[in-house]
Amino acid sequence: MQDLKLRANDNRGLSQLEAGFDLLGWHEITQGSILHSFDGDATNIVNLKAEERTYSGYNSYTATVASWRVDKPVFNIDVCIDCQNCWVWCPDSSIISRDKQMLGIDYDHCKGCGVCVEVCPTNPKSLLMFAEQRELGEALSQWPEKKKKEEKN
Amino acid sequence: MAITSIKNLKEFSTNNDRFEGAHTLCPGCAHSMIVRELMNCTDDNLVISANTGCLEVSTAVYPFTSWDTSWIHIGFENAATAVTGAEAMHKVRKRKGTLPDNDAPVKFVAFGGDGSTYDIGFQWLSGAMERGHDFTYICLDNENYANTGGQRSSATPIGATTSTAQAGSHSYGKKEKKKDIVAIMAAHGAPYVAQLAPNKWKSMAKGFQKALEIEGPCFINTVSPCTTEWRFDPKDTILLTDLATESLMFPIYEILDGHELNILYRPKNVLPVEDYLGAQGRYKHLFKPENKHVIEQIQGDIDKNWEMLQRREEARI
Ligand SMILES: Cc1ncc(C[n+]2csc(CCOP(=O)(O)OP(=O)(O)O)c2C)c(N)n1
Ligand code: SF4
Ligand code: SF4
Ligand code: SF4
Ligand SMILES: [Mg+2]
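As you go down the protein sequences, you meet chains A and B in turn. For the first sequence, the working numbering begins at 0 and goes up steadily by one. For the second sequence, the working numbering begins at 858 and goes up steadily by one.
Read the hints as simulated data drawn from the structure, not as lab findings. Check each hint, because a few of them may be wrong.
[Unchecked claim] Listed below are the simulated DSSO-like cross-link pairs for lysine-lysine, each with C-alpha atoms no more than 27 Å apart in a straight line:
| no. | chain 1 | residue 1 | chain 2 | residue 2 |
| --- | --- | --- | --- | --- |
| 1 | A | 99 | B | 1059 |
| 2 | B | 1063 | A | 99 |
| 3 | A | 124 | B | 1059 |
| 4 | A | 124 | B | 1035 |
| 5 | B | 1067 | B | 951 |
| 6 | B | 1125 | A | 99 |
| 7 | B | 1057 | B | 1035 |
| 8 | B | 1063 | A | 48 |
[Unchecked claim] Output of the computed footprint for chain A on chain B, the stretches with three or more beta carbons under 8 Å from beta carbons of chain A:
| no. | stretch |
| --- | --- |
| 9 | 875 to 885 |
| 10 | 1089 to 1095 |
Please read all numbers here as calculations on a predicted model, not as lab measurements. For each residue, glycine too, the CB sits at the ideal point set by N, CA and C.
Whole structure, please, built from the sequences with the hints as guidance.
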């Protein structure tokens, strides 16, 4: 069976394409080829957090879609109640939750869809969309006050 | 079976994702919400296949894969065929004791879009269900062939405009009704068949766990709002799913052993279907006076279907 890893060089960075990954062309790939998601043993992956894993350069985790964003979600930890709504509904695995706590956003993989902001139940929201180029500190300093009931939506 | 705790979202969120970001599904696509839930509801090894469609092409953009489990890239019709072949091989090798780890629990899952499930992979799916393999098939039902530009499928509801059933001066969009795939799969006598929705994360995770746990062929139809073809703002994917379940356009229920029906979610205040239709560009034309009768027909069909589901549940047969 063809192992696509054989042609890979060791220069794995954020993007194989940038790193000049030596890829097999479409006409060279045979049926039944394998792309490995991890370097080395992958049997215990389910028990490892992202930061403990040895992602291979073929895993899309090592790539980024940050350039897709026009607006970005900003997280305000002071308001967050760790409900994990944002975690369960983020379509891009970009909410970083550890030990039942929401820690922040993975800006390499977030596409800025805004779903997390919509499903955040706090008042004011703990996640809000800001223009991509806005500094995080500046965004946080402009956080709205708690809305009174009658003002809500 | 190592099912993960889903008592509440906090517990659920302690699972380590096995579906990775930087896939190329549209922002706000529900396909990946559904896939993440499936992969997070179990600790078992997974062997997954996917029919060609948005999910497959967006999670395997060469040289990348977004899958941290075994995943089989296969043709439009063949997710059920491929994964049940793998399941059969696994069974034999387990019996012979030739697996690297003979005790490691493995679950077999196939994902298909509605185009592949309701139409083009239909006979292969039916065959796999009939052969009785131990696998779970999950349809990501966005009611159109999204990956190729939004053609109508037999899952597209009446009245929706699609690239091959366009609304215009002489047409209100698709003329035919949606196929009842849940009933068809139940008719195979499958031990577990259900329709679930990502906004109801708990019933969805429970349904997935049930399907993975039960031995035999299980089928789950999931509503997967498609921001591009349904034409709504990507931030509103969960809102759209809420409108789908609250209006009963997508009732949430399961059918056990081909006959025992249980409703899994009853909206407190059922919303008129206009609320659901009006939130999407693909139904915009239905609000013109000459097309109002289509909305009435859709509402009538929803009411009849809900009545049927409730009576079947009551009958306990
Ligand atoms: C036999 C065959 N016919 C047609 C195609 C082209 N094709 C690729 S994806 C796709 C649409 C998939 O629609 P669906 O199954 O609903 O998945 P979605 O993209 O909507 O998630 C089509 C028609 C194909 N790959 N193979
Ligand atoms: S904006 Fe979308 S992709 Fe980004 S973290 Fe929120 S839900 Fe995830
Ligand atoms: S949805 Fe809002 S409150 Fe809940 S965990 Fe996310 S940021 Fe915190
Ligand atoms: S076209 Fe629809 S189903 Fe396909 S990736 Fe975009 S939102 Fe998802
Ligand atoms: Mg589809």
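- Message: For each hint given before, does the structure comply? Return the numbers of the non-compliant ones in rising order.
- Response: Numbers 4 and 6, in rising order.
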